[in-house]
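Undergrad: One-letter residues, chain by chain:
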Amino acid sequence: MSRYLILVILNIPLILAGIINSLVGYKLGRMTRGRFIFGLVFWLILLFGLIFVKPIYTFLFSNNLTKTEPLSLFDVIQITGIIFTLFIANKAFGKADLLERRFNDLHQELSIRLSKEKGDE
Amino acid sequence: MPAYNEAAVIADVINQLRQTFRGRGYEHEIIVIDDCSIDNTCEAAKSAGAKVIRHILNTGSGGSTATGLIYAQKNNFDLAATLDADGQHLAEDVLRGIKLIQKNDSDLLIGSRLIDSQGMSKVKRIGNKGLSIITFILFGVKVTDSQSGLRIFSKAALDSLKWRTHGYEFASEMLWRAKQRKLRINEFPIKAIYTEYSTAKGQNNWNAFNIIKSLIKRRIVELFGE
Numbered sequence: 025m026s027r028y029l030i031l032v033i034l035n036i037p038l039i040l041a042g043i044i045n046s047l048v049g050y051k052l053g054r055m056t057r058g059r060f061i062f063g064l065v066f067w068l069i070l071l072f073g074l075i076f077v078k079p080i081y082t083f084l085f086s087n088n089l090t091k092t093e094p095l096s097l098f099d100v101i102q103i104t105g106i107i108f109t110l111f112i113a114n115k116a117f118g119k120a121d122l123l124e125r126r127f128n129d130l131h132q133e134l135s136i137r138l139s140k141e142k143g144d145e
Numbered sequence: 026m027p028a029y030n031e032a033a034v035i036a037d038v039i040n041q042l043r044q045t046f047r048g049r050g051y052e053h054e055i056i057v058i059d060d061c062s063i064d065n066t067c068e069a070a071k072s073a074g075a076k077v078i079r080h081i082l083n084t085g086s087g088g089s090t091a092t093g094l095i096y097a098q099k100n101n102f103d104l105a106a107t108l109d110a111d112g113q114h115l116a117e118d119v120l121r122g123i124k125l126i127q128k129n130d131s132d133l134l135i136g137s138r139l140i141d142s143q144g145m146s147k148v149k150r151i152g153n154k155g156l157s158i159i160t161f162i163l164f165g166v167k168v169t170d171s172q173s174g175l176r177i178f179s180k181a182a183l184d185s186l187k188w189r190t191h192g193y194e195f196a197s198e199m200l201w202r203a204k205q206r207k208l209r210i211n212e213f214p215i216k217a218i219y220t221e222y223s224t225a226k227g228q229n230n231w232n233a234f235n236i237i238k239s240l241i242k243r244r245i246v247e248l249f250g251e
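So the protein lines, in turn, are chains A and B.
Heads up: the first sequence begins at 25 in my numbering, then just goes up one per residue.
Heads up: the second sequence begins at 26 in my numbering, then just goes up one per residue.
These aren't lab readings, by the way, just hints derived from the structure by calculation.
All residues carry an ideal CB built from backbone N, CA and C; glycine is no exception.
Careful, some of the hints might be misleading.
Simulated DEER-style distance windows between Cβ atoms [to be verified]:
#1 A:Arg57 - B:Thr169: 30 to 36 angstroms
#2 A:Glu124 - B:Lys167: 44 to 50 angstroms
#3 A:Val48 - B:Asn40: 25 to 31 angstroms
#4 A:Asn88 - B:Asn211: 55 to 61 angstroms
#5 A:Glu93 - B:Ile245: 55 to 61 angstroms
#6 B:Lys128 - A:Thr56: 32 to 38 angstroms
#7 A:Glu93 - B:Arg206: 37 to 43 angstroms
#8 B:Phe161 - A:Arg125: 41 to 47 angstroms
#9 B:Gly50 - A:Lys51: 55 to 61 angstroms
#10 B:Arg206 - A:Leu122: 18 to 24 angstroms
#11 B:Ile63 - A:Val48: 43 to 49 angstroms
The calculated DMTMM-like cross-link candidates involving lysine to aspartate or glutamate, where the alpha carbons are at most 25 angstroms apart (straight line), are [to be verified]:
#12 B:Lys242 - A:Glu93
#13 B:Lys76 - B:Asp64
#14 A:Lys142 - B:Glu68
#15 A:Lys115 - B:Glu247
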């Protein structure tokens, strides 16, 4: 099997999951439109980059724009690892951000209620 | 009024506010957000007649201001004003700002110390102007004093303004959020009082770099954050 095909097969599920997450987040109102568009464009660029990786490499090589070796199996694993890390980082950031917001709201609400109960207010 | 370790002056600030607003026909409350002070800020504010909301955790100026405005929003206030607890703002300026915002041409009114910057040290002037320029570059909001603590909020601003940063950088972020929500932002000149106390308590100019760093981070994070 071609190494380019392996690269696409390994990574497309991650990219599709990224796109679906962005879409679901936006449709459920957990994500702003700007954030959704950014996420979509980000994952689509990766998707097209992967699908057309061979023609891009051939074009660059034939026009003397790169002199790197063709894709090795190690490169495939490395690229997959990078995309997986990006996917996880993106998810982790979204969750940390949501938790931070909830924690702030909770802190403010608790401070107001406790002050009221203590009679500070 | 967000406050952190202001026991020495907070009673005076509250008393000045009470005197200024007495008999002016405004139904008002003075609310101090004590951001976990380790001195007697809470007791001093209470004995001067203010309502005190004591934070459970120290969050910074931005977090305290947000708590105060949420309280105002939940209690259906028509207007709210924030000011520094170190005594650098005049109670008369707060009253003037409230009268101005009632003319209904602003949702967020900033008391600018830089329209007439008499009394402000050159270093502070440069620092504040620099931060206003950064605010304009990052968020496209043009004001002369992006860091002023004296701000008046209309009902529309109270209902819609929310920001994410907790430190002093919230002042710039708030302007950005106001712009995003299409609120009308205006300024009016105020006089700032620089005593030995307020100068010592105020922001260190080196903190401007932290503010800039946080604002740039917030601008970038906005692309990723939900």
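Undergrad: Each hint needs a verdict: does it hold in this structure or not?
TA: Comparing the hints with the structure gives:
1. A:Arg57 - B:Thr169: 30 to 36 angstroms: Because 32 angstroms falls inside the window, the suggested range holds.
2. A:Glu124 - B:Lys167: 44 to 50 angstroms: violated (30 angstroms)
3. A:Val48 - B:Asn40: 25 to 31 angstroms: Between A:Val48 and B:Asn40, where Cβ atoms are some 55 angstroms apart, the hint is violated.
4. A:Asn88 - B:Asn211: 55 to 61 angstroms: Between A:Asn88 and B:Asn211, where Cβ atoms are some 59 angstroms apart, the hint holds.
5. A:Glu93 - B:Ile245: 55 to 61 angstroms: Since the Cβ atoms of A:Glu93 and B:Ile245 sit about 34 angstroms apart, the hinted range of 55 to 61 angstroms is violated.
6. B:Lys128 - A:Thr56: 32 to 38 angstroms: At roughly 33 angstroms between Cβ atoms, A:Thr56 and B:Lys128 fall inside 32 to 38 angstroms, so the hint holds.
7. A:Glu93 - B:Arg206: 37 to 43 angstroms: violated (53 angstroms)
8. B:Phe161 - A:Arg125: 41 to 47 angstroms: violated (27 angstroms)
9. B:Gly50 - A:Lys51: 55 to 61 angstroms: Between B:Gly50 and A:Lys51, where Cβ atoms are some 49 angstroms apart, the hint is violated.
10. B:Arg206 - A:Leu122: 18 to 24 angstroms: Because 21 angstroms falls inside the window, the suggested range holds.
11. B:Ile63 - A:Val48: 43 to 49 angstroms: Holds, at about 46 angstroms.
12. B:Lys242 - A:Glu93: Not OK: B:Lys242 and A:Glu93 at ~37 angstroms, beyond 25 angstroms, violated.
13. B:Lys76 - B:Asp64: Distance ~17 angstroms between B:Lys76 and B:Asp64 Cα, so the pair holds.
14. A:Lys142 - B:Glu68: At roughly 13 angstroms apart (the allowed maximum being 25 angstroms), B:Glu68 and A:Lys142 satisfy the hint.
15. A:Lys115 - B:Glu247: Holds, because 15 angstroms separates the two Cα atoms, which is no more than 25 angstroms.
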